[in-house]
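Can you make the complete structure from the sequences, with help from the hints?
There are 2 protein chains.
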Amino acid sequence: MKREIVDIGVIYSPFKTKEETPIQGKLKPEAKGRVEVFPEYAKGLKDIETFSHVILLYLFDRASEIRLIRPTFLDDSPHGIFATRHPCRPNGIGITTVRLIGREGNILHVLGIDVLDKTPLIDIKPYVPRFDCFPEATEGWLAGLSERPKPEGRE
Amino acid sequence: MKREIVDIGVIYSPFKTKEETPIQGKLKPEAKGRVEVFPEYAKGLKDIETFSHVILLYLFDRASEIRLIRPTFLDDSPHGIFATRHPCRPNGIGITTVRLIGREGNILHVLGIDVLDKTPLIDIKPYVPRFDCFPEATEGWLAGLSERPKPEGRE
Chain A
-18 MKREIVDIGV IYSPFKTKEE TPIQGKLKPE AKGRVEVFPE YAKGLKDIET FSHVILLYLF
42 DRASEIRLIR PTFLDDSPHG IFATRHPCRP NGIGITTVRL IGREGNILHV LGIDVLDKTP
102 LIDIKPYVPR FDCFPEATEG WLAGLSERPK PEGRE
Chain B
-18 MKREIVDIGV IYSPFKTKEE TPIQGKLKPE AKGRVEVFPE YAKGLKDIET FSHVILLYLF
42 DRASEIRLIR PTFLDDSPHG IFATRHPCRP NGIGITTVRL IGREGNILHV LGIDVLDKTP
102 LIDIKPYVPR FDCFPEATEG WLAGLSERPK PEGRE
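Chains as they are written, first to last, in my numbering: chain A, -18 to 136; chain B, -18 to 136.
Keep in mind the hints are simulated off the structure, nothing from the lab.
Chain copies aren't distinguished; within one or between two, either way the pair holds.
List time: in silico SDA-like cross-link candidates among lysine to any residue, alpha-carbon distance up to 20 Å:
{"#": "1", "residue 1": "Lys131", "residue 2": "Arg51"}
{"#": "2", "residue 1": "Lys7", "residue 2": "Pro116"}
{"#": "3", "residue 1": "Lys99", "residue 2": "Arg(-16)"}
{"#": "4", "residue 1": "Lys27", "residue 2": "Thr119"}
{"#": "5", "residue 1": "Lys(-17)", "residue 2": "Ile47"}
{"#": "6", "residue 1": "Lys131", "residue 2": "Arg111"}
{"#": "7", "residue 1": "Lys27", "residue 2": "Asp57"}
{"#": "8", "residue 1": "Lys7", "residue 2": "Thr119"}
{"#": "9", "residue 1": "Lys7", "residue 2": "Pro(-5)"}
{"#": "10", "residue 1": "Lys99", "residue 2": "Thr(-2)"}
{"#": "11", "residue 1": "Lys27", "residue 2": "Asn72"}
{"#": "12", "residue 1": "Lys24", "residue 2": "Pro52"}
{"#": "13", "residue 1": "Lys7", "residue 2": "Pro110"}
{"#": "14", "residue 1": "Lys(-1)", "residue 2": "Asp56"}
{"#": "15", "residue 1": "Lys24", "residue 2": "Gly73"}
{"#": "16", "residue 1": "Lys(-17)", "residue 2": "Gly73"}
{"#": "17", "residue 1": "Lys(-17)", "residue 2": "Asn72"}
{"#": "18", "residue 1": "Lys7", "residue 2": "Cys114"}
{"#": "19", "residue 1": "Lys7", "residue 2": "Phe112"}
{"#": "20", "residue 1": "Lys24", "residue 2": "Asp56"}
{"#": "21", "residue 1": "Lys(-3)", "residue 2": "Lys9"}
Just so it is clear, the structure is predicted and the values come from calculations on it, not from any experiment.
Shown next, in the form of structure tokens:
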């Protein structure tokens, strides 16, 4: 089955380069973003402002070559792409949970953004801790690894 | 920007109809699923078994008409589609976090599945509580609403 995905908006962030983009939003909770939903979809935002957190789905539109196994920012050992959050993956879709701090019409103001400036937005879903929070989950190969400078030349 | 999405596998579940499919996986944690990744993508699963929970991205391939505002299973008041997890949404992509209980080659055995049988799989990402758990998030319009039988005729 093939499906054509279209943008429903644009995510604006302070990050113009891959090097300065945070590895995950939780690691830079103060990073401000602006989510602009195209006017033809704006009606779908009704009541979104009742949530403190939302999940953004977006396209990794500047990712390079897809490889099924590769090293990551946090570890030099190679891992399977589906065991990482790496951008260079089949279908190139990213997800990130952000704090929603305000809405003005079709614009959402958010904190904890971790995407490149002008990233294509493809969906927004409410984050509901009752459904989405699994504090008992293990950290897999990430256990014990903490944030470090991004290794040079690595995407 | 347009992007063509392709299946990377199939999700098998006990749910043949929309009526019997759980509203969310957390509401039926014992529901067993089988995630079959197509052989050409199987290498990308390396080390996935180190995680206890994974996020599945999939296509709502049997969703009906897209409407930007509509009532939901949990509430009769209409909400914007981006303030709900409703399947009939622009781009029709669903996300669900499941417990990973075993892997045999390109097959993952999972618990807490909440999708229709034979749903097209488009991505798998590791669930990492450090990045993905926001227990402080509010419940928005869902606050105080609890599970109830699905209203008849509602998708």
